[in-house]
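Residue numbers (the numbering used here), protein chains in the order written: chain L, 685 to 983; chain Y, -16 to 309.
Incorrect hints may have been included.
[Stated by the list, open to error] Example chain Y residues on the side facing chain L (calculated, C-beta under 7 Å, incomplete):
#1 H18
#2 I20
#3 F35
#4 S36
#5 D107
#6 L117
#7 S128
#8 V130
#9 I151
#10 T263
#11 I265
#12 I292
#13 T300
Source of the hints: derived by calculation from the structure; they are not laboratory data.
Heads up, the beta-carbon is just placed ideally off N, CA and C, and yes, glycines get one too.
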Amino acid sequence: MSNSMVGPKALRFLNILLIVLFCLAIILPFLHVLAISFNSGVDAQKGGIGFWPREWSFENYTEVFKQDNLLNGLFISIFRTVVGTVIGVALMSMAAYAMTIKTLPGRKQITFFVFFTMLFSGGTVPYYLVLTELNLTNTIWVFIIPSLYSVTNILLLRTSFNQLPFSVIEAARIDGCSEFKIFRSIVIPMSKPVLATISLFTAVGHWNDWYYGSFFVRDASLKPLATLLQEMLTRQAALSDILLRNSGSMAYSQLDKITVTSESLQMATIIVVMIPMVLIYPFIQKYFVKGITVGSIKE
Amino acid sequence: MENVVVHNGVLKTKEELEKHYNPVKETLWTKMNKHKIFYIMLFPCLAFFLIFSYWPMAGLILAFKQYGFNTGILGGDWVGFKYFEQFFNDPRSWLYVKNTIIISILKLFVYLPFPILLALMLNDVKNNKLRGALQSITYLPYFISWVVVVGLMNRILAPNTGMINQAIESFGGDGSKFFMMEEGLFLPLVFISYLWKSIGWDSIIYFAAIVAIVPTLYEAAAIDGAGKLRQIWHVTLPGISATIIILFILSLGSILSSGFDQVYLMQNPGNANVSETIDTYIVRTGLQGGQFGYATAIGLMQGIAGLIITIIVNKITSKKFGTSLW
Chain L
685 MSNSMVGPKA
695 LRFLNILLIV
705 LFCLAIILPF
715 LHVLAISFNS
725 GVDAQKGGIG
735 FWPREWSFEN
745 YTEVFKQDNL
755 LNGLFISIFR
765 TVVGTVIGVA
775 LMSMAAYAMT
785 IKTLPGRKQI
795 TFFVFFTMLF
805 SGGTVPYYLV
815 LTELNLTNTI
825 WVFIIPSLYS
835 VTNILLLRTS
845 FNQLPFSVIE
855 AARIDGCSEF
865 KIFRSIVIPM
875 SKPVLATISL
885 FTAVGHWNDW
895 YYGSFFVRDA
905 SLKPLATLLQ
915 EMLTRQAALS
925 DILLRNSGSM
935 AYSQLDKITV
945 TSESLQMATI
955 IVVMIPMVLI
965 YPFIQKYFVK
975 GITVGSIKE
Chain Y
-16 MENVVVHNGV
-6 LKTKEELEKH
4 YNPVKETLWT
14 KMNKHKIFYI
24 MLFPCLAFFL
34 IFSYWPMAGL
44 ILAFKQYGFN
54 TGILGGDWVG
64 FKYFEQFFND
74 PRSWLYVKNT
84 IIISILKLFV
94 YLPFPILLAL
104 MLNDVKNNKL
114 RGALQSITYL
124 PYFISWVVVV
134 GLMNRILAPN
144 TGMINQAIES
154 FGGDGSKFFM
164 MEEGLFLPLV
174 FISYLWKSIG
184 WDSIIYFAAI
194 VAIVPTLYEA
204 AAIDGAGKLR
214 QIWHVTLPGI
224 SATIIILFIL
234 SLGSILSSGF
244 DQVYLMQNPG
254 NANVSETIDT
264 YIVRTGLQGG
274 QFGYATAIGL
284 MQGIAGLIIT
294 IIVNKITSKK
304 FGTSLW
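With the hints as extra help, turn the sequences into a complete structure.
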């Protein structure tokens, strides 16, 4: 960082100020939701809560963990994230490494076979019918198996493996090291940044995905947390619509009796969905910047 | 330089070195046999794409067939171009195409300069620690699910109790508007939330490209009397143009699919006229409505158009700028 774009001090300050304002626009909404989630639900309905709870209450969270379907959804989410990421990253790095072997007969054709799926696909309905025909729909494996590989991740891994010092690998080869051992004990340990990046992408993809849970499974017991949150959002919209139309009716006065509202429960669920992300983020973020820029700049 | 390796005290390129170790011409079979382990590593990958990508492509045949739940994909009767006619004869279809393209233009063209601008601004922050901290915050929303983002928007923009409405009320205005339901606000909200979620992440690549520019270029420009803006115009932007073009080609292929999650989750009865896109229409008619053939036909047209656009843009840019995807 030593280029000489030196400008007047005021301009530089204004620049930092603008970026800081944008960062505030990112953080403040989360603080707002966090404050509501720790506030009594009925009290929150009066509005006026900023970034700190007015009437502290942990009830929203105890309610989240009391509701069988939400707890179950949390387990489904954890299961698919852990299993899907571990198997997926292992399989993708093996495939990507094999694609970097220049002497491999058919390497170009194989790469094209994989890359082409990025440019064209069968679309939503045929994909769904294939999942049905494989009897994957409405099982937990629909979250794992169809998401094992991702073309962009394979390409990222391939580019990164390509940039490893060839001499080290060749030296091991001359020493009689088996190809799989080279992969396991040389290539993998040397590729930590990109592996951390791919793991993060895969894990976040699993954790955030609500689509498969919404359209490819029917059993409520199979729905991951993100899908349940999405259903809450939709139901919330429908519910508040009804309440607005006949406010003052029975439904509204009944809602008043419980301190947890569907709104405050939703805010607590949003926080539960976000927590793992926010917790691992600081540890992994130094890797991913390195990981994604390695493969993307064309020299 | 990275292709050059020192071998026995002599500089050799990787290719030469490989030749050196494979002096005898092998038959294809022995060569393949030697690489057995790599085929084993690749096998699940190829099987995966065959099953989950190429099989659905074969399933596109459904666009010309009558789907029956007992006859499956292949068993139904041919119906020719019936579904395509049905799509083009429905005036609503053109509305969905129009909605899709408008949203795509917002996300591809209008949005394009913003991450570049953020990268330039971040590059101007000289304190590394401060810049690192600010960058980390700007990336964060990228990792947050659209479900959560739309949940946040619903809360902040809610009637009466939402932050925005309370602010309006405190200034004496009418705070009962549900902004998410306003048809006229749908596109601005799509754009702002997309910008909020993606700008930091998309700036990473531009930032890396800016940092990779040789500092002496700036020094030379400064000696020639170029001010800051001219330096950006004549040094920085040409320096990152290859990156901009590659990312742009990659994104153009998706012009007919404007991002399913965000649009679907932001849809409500209030904005139905502007928020139904090709993607959401396919899910509504196909997955939710069971009109498999019809939805497949729409998906087929969308896919082919995307492929053609990508190929054409790639041809043009490789001729004009010497940058291409393949």
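Okay, the hints, checked on the actual structure:
1. For Y/H18, the interface hint holds, the least distance from its beta-carbon to any beta-carbon of chain L being 5 Å, beneath 7 Å.
2. Satisfaction of the interface hint for Y/I20 is found here, the shortest Cβ-Cβ separation to chain L being roughly 5 Å, below the 7 Å cut-off.
3. Below 7 Å, beta-carbon pairs count as interface contacts, and Y/F35 has one with chain L at about 5 Å; its hint therefore holds.
4. The restraint placing Y/S36 at the interface with chain L holds, with a minimum CB-CB distance near 4 Å, inside the 7 Å limit.
5. With a cut of 7 Å, the hint placing Y/D107 at the interface with chain L holds, because the nearest CB-to-CB distance is about 5 Å.
6. The beta carbon of Y/L117 comes within 5 Å of a beta carbon in chain L, closer than 7 Å, and the hint placing it at the interface holds.
7. Taken as an interface hint, Y/S128 checks out: its beta carbon lies about 4 Å from the nearest beta carbon of chain L, inside 7 Å.
8. Residue-level restraint check for Y/V130 holds (minimum Cβ-Cβ distance to chain L is 5 Å; threshold 7 Å).
9. Taking 7 Å as the C-beta contact cut-off toward chain L, the hint placing Y/I151 at the interface is violated, the least distance being around 12 Å.
10. For Y/T263, the shortest C-beta to C-beta distance to chain L is roughly 10 Å, which exceeds 7 Å, and the interface hint is violated.
11. Interface restraint check for Y/I265: the shortest CB-CB distance to chain L comes to about 5 Å, inside 7 Å, so the restraint holds.
12. Hint on Y/I292 is violated. Least Cβ distance to chain L is approximately 10 Å, over the 7 Å limit.
13. Checking Y/T300 against chain L: minimum C-beta separation of about 12 Å lies over 7 Å; hint violated.
Hints 9, 10, 12 and 13, counting from the list given before, are not met by this structure.
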